[in-house]
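In the order they appear, the protein sequences are chains L and D.
Residues in the first sequence are numbered from 1 upward in steps of one, following the working numbering.
Residues in the second sequence are numbered from 1001 upward in steps of one, following the working numbering.
If you're looking for bench data, these hints aren't it; they were derived computationally from the structure.
Quantities reported herein were computed from a predicted structural model and do not represent experimental measurements.
By construction, the Cβ of each residue, glycine as well, lies at the ideal position given by its N, Cα and C atoms.
A couple of the hints might just be wrong.
[Said to hold, decoys possible] Short derived list, chain L residues pointing at chain D, Cβ under 10 Å: (1) THR49; (2) PRO100; (3) MET102; (4) PRO112; (5) PRO144; (6) GLN146; (7) ARG159; (8) MET162.
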Amino acid sequence: MVLLVENLSKSFGNNEVFHDISFSVNIGEIVCIRGKSGEGKTTLLRCLTSLETADKGSIKINNMYLCKEDNNNIKYAQKNELQAIRQEIGLVFQNFNLFPHMNIMENLMEAPLFLKNDTRENIKSRAEELLKSLELEGKEDSYPFQLSGGQQQRVAIARACMLNPSVLCFDEPTSALDDQTRGQISKIIKYLSSEGIAIIIVTHDNAFADEIAHRIITMKDGKITIEEQ
Amino acid sequence: METKVLRMLVPMALEGLKVTLGVFAITLIVSLPLAIVVAKLRMSNNKITSKITGTYIYIMRGTPLLLQLMFIFFGFYRVPYIGYPFSREQAIIIAFVLNYTAYFAEIFRGGINSIDVGQHEASLVLGLSKIHTFMKIILPQVIKNVMPSIGNEVITLVKDTSLVYILGSSDILKAARSVSNVYAAFSPYIYIGIVYLVIVAVLTKILDKIESKYNYYR
Ligand SMILES: Nc1ncnc2c1ncn2[C@@H]1O[C@H](COP(=O)(O)OP(=O)(O)O)[C@@H](O)[C@H]1O
Ligand SMILES: [Mg+2]
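One chain only, chain L, in its complex shape (with noise of 0.2 Å):
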């Protein structure tokens, strides 16, 4: 199990968007989140991936918490294990928000470098690499509004990938393509999780999350269901 979410609830302001919330997933298992729009999908992605603090439970990514109960308060990781947490966690965003003035290649390096997480031959060779199987080879020195909203999608999925995620999560994937880069969106998500990345897809896309998720976890009204495909 490499993400496990338990009795998650959040509010903004006197609007309560999910409560009590739990599910988990696997090494390598397609998750897909549906629901109507303003269910919360969003912002249960934006919780896992600390763009939002939740107000009650406890998120565990690879056997490190993000947030945990302490006495009916909710507990956040310090700032160093935060770092590390964040990287096992990617999130690919629907507009993507590539850096517009930087390059692919700049844009896929600029957080391992940040980070330091490697040599920069061996970030370089790993980009070079990525961009391969995502097929965006000769794409490295494009700028992101040169490149079609597929393969700005596919950027953005490389770029997070740089930092070898457990957890990749991806917020409507398929709400800005068209039928032909849809099919090769499926196709790259089953890549990754064959590669053993857990991977997280919100989208209200029915078909879709039919086609690819092994199990479906459905927002209503602040619950959630799961079905297992």
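Dock chain D with the ligands against the given chain L, drawing on the hints supplied.
Okay, now just chain D with the ligands, sitting in the frame of chain L:
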């Protein structure tokens, strides 16, 4: 007559050019980096910090630079406890830096606010530190966005340097005035006007170059 005018004007104008360009260059070099810091303080979550910087910016933008020059030179040494008799050169640099830092800070604040919050979030998820995110991800994009507004202020600064006359400093406009008084001629003002135009033409070229350097992405 005109040769006499020029014979007197040229050496004085060259001396004055040192003052004009000196005030211009020092103000830019000090104000621009300082303005980034002030913009960050203005945007701080700490209410007191942002209130203090907000008040400073309000005063600097709400009163004439001429008045600020006069206050720092003629008025500041009378202030109890903190008063200090600045030299004329010190007073000029302090007033110009304080004034232009305020204007530049507001431009940078707008520029920082215009950057998509997604850039911060992507950096955070990738484990970049706050300071690294600001220096390497946010600031380069801000500079691209604010270049046109900064350019406007830079051009205004060239002309504002003429305000140093109020403290008795001899810039190029002062040279024109002196020569004009001696020969009862208006032509020195025309010549000095042309000098301003040349300076501004050169700056416009440089600013265009810098702007187009940032055109490599959208
Ligand atoms: N930063 C925020 N501040 C206040 N309310 C928010 C914020 N983000 C989301 N919400 C609210 O939380 C609920 C869930 O939003 P979201 O997670 O974006 O839903 P989904 O992704 O399922 O469409 C909505 O009611 C939304 O208005
Ligand atoms: Mg959403």
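Against the structure, the hints:
Given hint, THR49 (chain L) at the interface with chain D, holds; its Cβ is 5 Å from that chain's nearest Cβ, closer than 10 Å. Taking 10 Å as the C-beta contact cut-off toward chain D, the hint placing PRO100 (chain L) at the interface holds, the least distance being around 5 Å. Because the smallest distance between the Cβ of MET102 (chain L) and any Cβ of chain D comes to about 8 Å, under 10 Å, the interface hint for this residue holds. Checking PRO112 (chain L) against chain D by beta carbon gives a least distance of about 9 Å; that is within 10 Å, so the hint holds.
Because the smallest distance between the Cβ of PRO144 (chain L) and any Cβ of chain D comes to about 8 Å, under 10 Å, the interface hint for this residue holds. The restraint placing GLN146 (chain L) at the interface with chain D holds, with a minimum CB-CB distance near 9 Å, inside the 10 Å limit. Taking 10 Å as the C-beta contact cut-off toward chain D, the hint placing ARG159 (chain L) at the interface holds, the least distance being around 7 Å. The closest approach between the C-beta of MET162 (chain L) and any C-beta of chain D is roughly 8 Å, which is under the 10 Å cut-off, so the hint is satisfied.
Every hint, counting from the list given before, is met by this structure.
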